[in-house]
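Trainee: Residue numbers (this note's numbering), protein chains in the order written: chain A, 3 to 207; chain B, 222 to 321.
Since the hints were made in silico from the structure, they are not lab data. Careful: at least some of the hints might be erroneous.
Derived SDA-like pairs (lysine to any residue); straight-line CA-CA distance at most 20 Å [to be verified]:
hint	chain 1	residue 1	chain 2	residue 2
1	A	K125	B	A319
2	A	K178	A	E194
3	A	K188	B	E271
4	A	K60	B	P294
5	A	K189	B	R263
6	A	K178	B	Q233
7	A	K188	B	F273
8	A	K63	A	Y37
9	B	K232	A	I81
10	A	K178	B	K232
11	A	K178	B	P294
12	A	K189	B	N246
13	A	K147	A	A203
14	A	K60	A	N44
15	A	K189	B	P264
16	A	K178	A	A203
17	A	K188	B	Q233
18	A	K178	B	P264
19	A	K63	B	F273
20	B	K232	A	Q126
21	A	K60	A	K125
22	B	K232	B	D254
23	A	K188	B	E266
24	A	K125	B	R263
25	B	K232	A	K189
26	A	K178	B	K225
27	B	K287	B	P264
28	A	K60	B	F273
29	B	K232	B	P264
30	B	K232	A	A203
31	A	K188	B	E274
Partial list, derived from the structure: chain B residues whose beta carbon lies under 8 Å from chain A [said to hold, decoys possible]:
hint	residue
32	C269
33	I280
34	A292
35	L295
Over the 10 Å line for every Cβ pair with chain B, so calculated as not near, a few chain A residues [as the list claims (entries may be wrong)]:
hint	residue
36	L65
37	T76
38	N174
39	R184
C-beta atoms are modelled at their ideal positions from N, C-alpha and C, and glycine is treated no differently.
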Amino acid sequence: MTERTNQEWLAALRGPERDDALADLRAFLVRGLRYALASWPNVDEAALEDFAQDALLKILKGLDSFRGESRFTTWAQKIAVHVAFTELRRLRWRDVSLNGLKESRDIDFVPNTMVDPSAGPEKQAMQRQVLSTLRRLIETELTDKQRQALVAARLHGMPIEEIARRMGSNRNALYKLLYDARQRLKKHLLAEGLSLQDVLAAFES
Amino acid sequence: MGFKLIWNTLKQRMRMVFPAQPEKNLEPDMLYDMFYSILTTRPDEIGCDECFEQLDRFIEITLAGKNAAEAMPLVQDHLDRCADCREEFEALLAALRAVA
Chain A
3 MTERTNQEWL AALRGPERDD ALADLRAFLV RGLRYALASW PNVDEAALED
53 FAQDALLKIL KGLDSFRGES RFTTWAQKIA VHVAFTELRR LRWRDVSLNG
103 LKESRDIDFV PNTMVDPSAG PEKQAMQRQV LSTLRRLIET ELTDKQRQAL
153 VAARLHGMPI EEIARRMGSN RNALYKLLYD ARQRLKKHLL AEGLSLQDVL
203 AAFES
Chain B
222 MGFKLIWNTL KQRMRMVFPA QPEKNLEPDM LYDMFYSILT TRPDEIGCDE
272 CFEQLDRFIE ITLAGKNAAE AMPLVQDHLD RCADCREEFE ALLAALRAVA
């Protein structure tokens, strides 16, 4: 592949003879994606090509937003990885509905079994208190959406992009939703006298 | 941060004591991760969009063998918290290292 500076990339992709640059970039993205997606099953050459093609469209559309803070190829590969992961996650989770997941009160979300049987009675009591406090706060201090997102993300490992998709929202907003949930829980835990040190002390031997 | 080390040691110990019941409750790891992430919530956290914006700069610092966490601590903090962004970061790193 021809080595190009950032300026040369931008000029080539905006110019009348951009086919060469596009071909080079496509090949570069496919090579990188092959490594980036190595841990995903069922990703064949055709899929890599599709992802690269989708990425190229995004890259061309977003050329004006490239700020030159890194190499053009780094920026482009970042977009390609993002495009690929978004689609792969969508496919992997497409049969899982949000409402089909159990609600936290119907399962032992914060398990009682987490109390250490080998710890002394005082320690066990502390542990029980910590766990029941968190359980109670999750049930009473979060909005339904926050709780649902928390359980989906933490227990079921649903990507936040997929939670967002099902809630008619976006990834950034979901991060914020979970952030708000964390803030609330933190505030209440601290108000009930449970700092990080306290929780650690309860579970350390 | 000292706490991280202690949390990880604690998680490892608990992993040996408690059986996991997938989808019925949180495994010890997950519970401790949740406690940790709740109690270390900070007011200056950045979201996924901002992390993504800065990721190419962050990753080039990493590729240059320098301390990106020190140079861009909020990006590092987000990557520590956000599994989705962290996964993409690691994949991108693998890709760029391979084609370098």
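Trainee: State for each hint whether it applies.
Mentor: Now the hints, each set against the structure:
1. A:K125 - B:A319: Violated - the C-alpha atoms of A319 of chain B and K125 of chain A are around 50 Å apart, more than 20 Å.
2. A:K178 - A:E194: violated, 24 Å
3. A:K188 - B:E271: Answer violated: K188 of chain A to E271 of chain B is near 24 Å, above 20 Å.
4. A:K60 - B:P294: It is violated: about 28 Å lies between the C-alpha atoms, which goes past 20 Å.
5. A:K189 - B:R263: Status holds; Cα separation ~11 Å.
6. A:K178 - B:Q233: Violated. K178 of chain A to Q233 of chain B sits at ~30 Å, over the 20 Å cutoff.
7. A:K188 - B:F273: violated, 26 Å
8. A:K63 - A:Y37: violated, 25 Å
9. B:K232 - A:I81: violated, 35 Å
10. A:K178 - B:K232: Since the Cα atoms of K178 of chain A and K232 of chain B sit roughly 27 Å apart, the hinted pair is violated (cutoff 20 Å).
11. A:K178 - B:P294: holds, 19 Å
12. A:K189 - B:N246: violated, 24 Å
13. A:K147 - A:A203: Answer violated: K147 of chain A to A203 of chain A is near 32 Å, above 20 Å.
14. A:K60 - A:N44: With Cα atoms ~24 Å apart, K60 of chain A and N44 of chain A exceed 20 Å; violated.
15. A:K189 - B:P264: holds, 12 Å
16. A:K178 - A:A203: Answer violated: K178 of chain A to A203 of chain A is near 30 Å, above 20 Å.
17. A:K188 - B:Q233: Not OK: K188 of chain A and Q233 of chain B at ~24 Å, beyond 20 Å, violated.
18. A:K178 - B:P264: holds, 12 Å
19. A:K63 - B:F273: holds, 17 Å
20. B:K232 - A:Q126: Given that 20 Å is the threshold and the Cα spacing comes to 17 Å, the pair holds.
21. A:K60 - A:K125: violated, 56 Å
22. B:K232 - B:D254: With a Cα-Cα distance of about 9 Å, the restraint between K232 of chain B and D254 of chain B holds, given a limit of 20 Å.
23. A:K188 - B:E266: Holds - the C-alpha atoms of E266 of chain B and K188 of chain A are around 15 Å apart, at most 20 Å.
24. A:K125 - B:R263: violated, 29 Å
25. B:K232 - A:K189: violated, 24 Å
26. A:K178 - B:K225: Violated, at about 23 Å.
27. B:K287 - B:P264: Not OK: K287 of chain B and P264 of chain B at ~27 Å, beyond 20 Å, violated.
28. A:K60 - B:F273: Holds - the C-alpha atoms of F273 of chain B and K60 of chain A are around 15 Å apart, at most 20 Å.
29. B:K232 - B:P264: violated, 26 Å
30. B:K232 - A:A203: Roughly 13 Å separates the two Cα atoms, so the pair holds.
31. A:K188 - B:E274: violated, 28 Å
32. C269: Check passed: Cβ of C269 of chain B comes within 5 Å of chain A, closer than 8 Å.
33. I280: Since the shortest Cβ distance to chain A is 6 Å, the answer is holds.
34. A292: At about 12 Å, which exceeds the 8 Å cut-off, the nearest Cβ of chain A leaves the hint on A292 of chain B violated.
35. L295: For L295 of chain B, the interface hint is violated, since the closest Cβ of chain A sits about 13 Å away, which is over 8 Å.
36. L65: holds, 15 Å
37. T76: About 5 Å separates T76 of chain A from the closest Cβ of chain B, which leaves it inside 10 Å; violated.
38. N174: violated, 4 Å
39. R184: Label violated. Min Cβ-Cβ 4 Å, cutoff 10 Å.
Consistency with the previously given hints fails for numbers 1, 2, 3, 4, 6, 7, 8, 9, 10, 12, 13, 14, 16, 17, 21, 24, 25, 26, 27, 29, 31, 34, 35, 37, 38, 39, ordered from lowest to highest.
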